[in-house]
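Peer 1: In case you want the letters, here they are:
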Amino acid sequence: MTRAIKITFSLAAVIGFGVGAVFGCYRAAESSGYMQSEEVMSIPSVASNFASQQFQHADSAHARQAVLLEIKLLDQLQRAARDSSSESQLELAYTSAYTRLAMIEESAGQTEAERRAMDEAKVQFNRNRPNREVTDEQMKNALKEWDAASDRL
Amino acid sequence: MKRAVPYVALVICIGCGYLGYFGAARIAYQYKQSTSFSSLGKQDAEQLRETAQMTSAFALSSLLIQNNPSSIQNHVTSLAKIRSKAPPELWPILDLRLAKDYAMMARLEQQIGDSRAATEHRQSSEVLLRSLGWQDVSENAVTDLADAELRSRMKR
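Chains A and B supply the protein sequences, listed in that same order.
Counting from 1, one number per residue, gives the positions in the first sequence under the working numbering.
Counting from 1, one number per residue, gives the positions in the second sequence under the working numbering.
The hints are simulated quantities; they were obtained by calculation from the structure and are not laboratory data.
There may be inaccurate statements among the hints.
[Claimed, not checked] In silico DSS-like pairs for lysine-lysine, Cα to Cα no more than 27 Å straight-line: (1) A:6 with B:2; (2) B:32 with A:72; (3) B:85 with A:72; (4) A:72 with B:42.
[Said to hold, decoys possible] Examples of chain B residues lying across from chain A (beta carbon under 8 Å, computed): (5) 12; (6) 16; (7) 18; (8) 20; (9) 21; (10) 22; (11) 32; (12) 40; (13) 53; (14) 55; (15) 58.
Glycine is no exception: its CB is placed at the ideal position from the N, C-alpha and C atoms.
Produce the complete structure using the sequences and hints provided.
Peer 2: Here's what the structure looks like:
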């Protein structure tokens, strides 16, 4: 094998490897982004379903733990949220979580904790809808209807 | 020999391109995954990654359950694997799914007349539901839970 042939083969290998690596990195970034958003989207739904089931069947203490876990996971997600669209999705999840917490506190007879949770739910709800007035009952009824619809699925 | 050189070079180029593509994709994917949520601190990012991986695996595996005892048993095994890697604060979420799986197994076993296995699985379900604070863990309540789960799977 002559020196020229060796150089040709080596160049072919380097060029092939380089081009392949560039495409590989591009594909990895794309797949990783897709996987990450799929994983992130699963957090609110899994936590919310669990909180909803616990709210319907468990005692106040366990139902409270479930909804506090949901709020904690939403807090983690909010810190990582990079754009306004994911933040607005989180606001709805927060609204339902705090409304549920208020309903748990109401059934446990904790009036002050219920008020705090309901106020927080309204703060979250009004974040993107500053002029919209909603009553406590409307928010609680909306959550009950949402839970009933989820159960029917 | 000289005539074959361009063809051999092309084969080498394509072969190395293939190796470069898969090697780089694998390494870059693992790197991207390990640095996701880097806007958070190291510990928070790690915690969120673990949570996201658990909830995603859980949601996906729950979708794959079919209404037969062997499929549910496979799901119970896969849930045990997910649970072993999940942070302890998320265990209740998995325990509730496990309780539903046992309830479904018990119901299906009852329908085919395997009353011993049905009783065993119903009791496992009751223990888990009790640990989750469920107020009604009677036989009827567990059967209702199983029926609701089986119905919702049939709709999918």
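Peer 1: Does each hint hold? Answer for all of them.
Peer 2: Status of the hints after comparison with the structure:
1. Taking the CA atoms of residue 6 of chain A and residue 2 of chain B, the gap is near 12 Å; set against the 27 Å cutoff, the hint holds.
2. Annotation: proposed proximity of residue 32 of chain B to residue 72 of chain A holds, straight-line Cα distance about 25 Å (limit 27 Å).
3. Taken as a hint, the residue 85 of chain B and residue 72 of chain A pair is honoured in the structure, with Cα atoms around 19 Å apart against an allowance of 27 Å.
4. Between residue 72 of chain A and residue 42 of chain B the CA atoms are separated by roughly 17 Å; this keeps the pair inside 27 Å, and the hint holds.
5. For residue 12 of chain B, the interface hint holds, since its Cβ comes within 8 Å of a Cβ in chain A; the closest pair sits about 5 Å apart.
6. Taken as an interface hint, residue 16 of chain B checks out: its beta carbon lies about 4 Å from the nearest beta carbon of chain A, inside 8 Å.
7. With a least beta-carbon distance of about 6 Å to chain A, the hint placing residue 18 of chain B at the interface is held under the 8 Å criterion.
8. Annotation: residue 20 of chain B was flagged as interfacial toward chain A, and the flag holds, the nearest CB pair being 3 Å apart, inside 8 Å.
9. Taking 8 Å as the C-beta cut-off, the interface hint given for residue 21 of chain B holds, the closest approach to chain A being about 4 Å.
10. Using the Cβ-Cβ criterion of 8 Å, the hint placing residue 22 of chain B at the interface with chain A is satisfied: the shortest such distance is roughly 7 Å.
11. Annotation: interface hint on residue 32 of chain B holds; nearest CB of chain A at approximately 4 Å, less than 8 Å.
12. Nearest Cβ of chain A to the Cβ of residue 40 of chain B: about 6 Å, under the 8 Å cut. The hint holds.
13. About 6 Å separates the beta-carbon of residue 53 of chain B from the nearest beta-carbon of chain A, less than 8 Å, and the hint is met.
14. Because the closest C-beta pair between residue 55 of chain B and chain A is about 4 Å apart, less than 8 Å, the hint holds.
15. Checking residue 58 of chain B against chain A by beta carbon gives a least distance of about 6 Å; that is within 8 Å, so the hint holds.
In the structure shown, no violation is registered for any of the earlier numbered hints.
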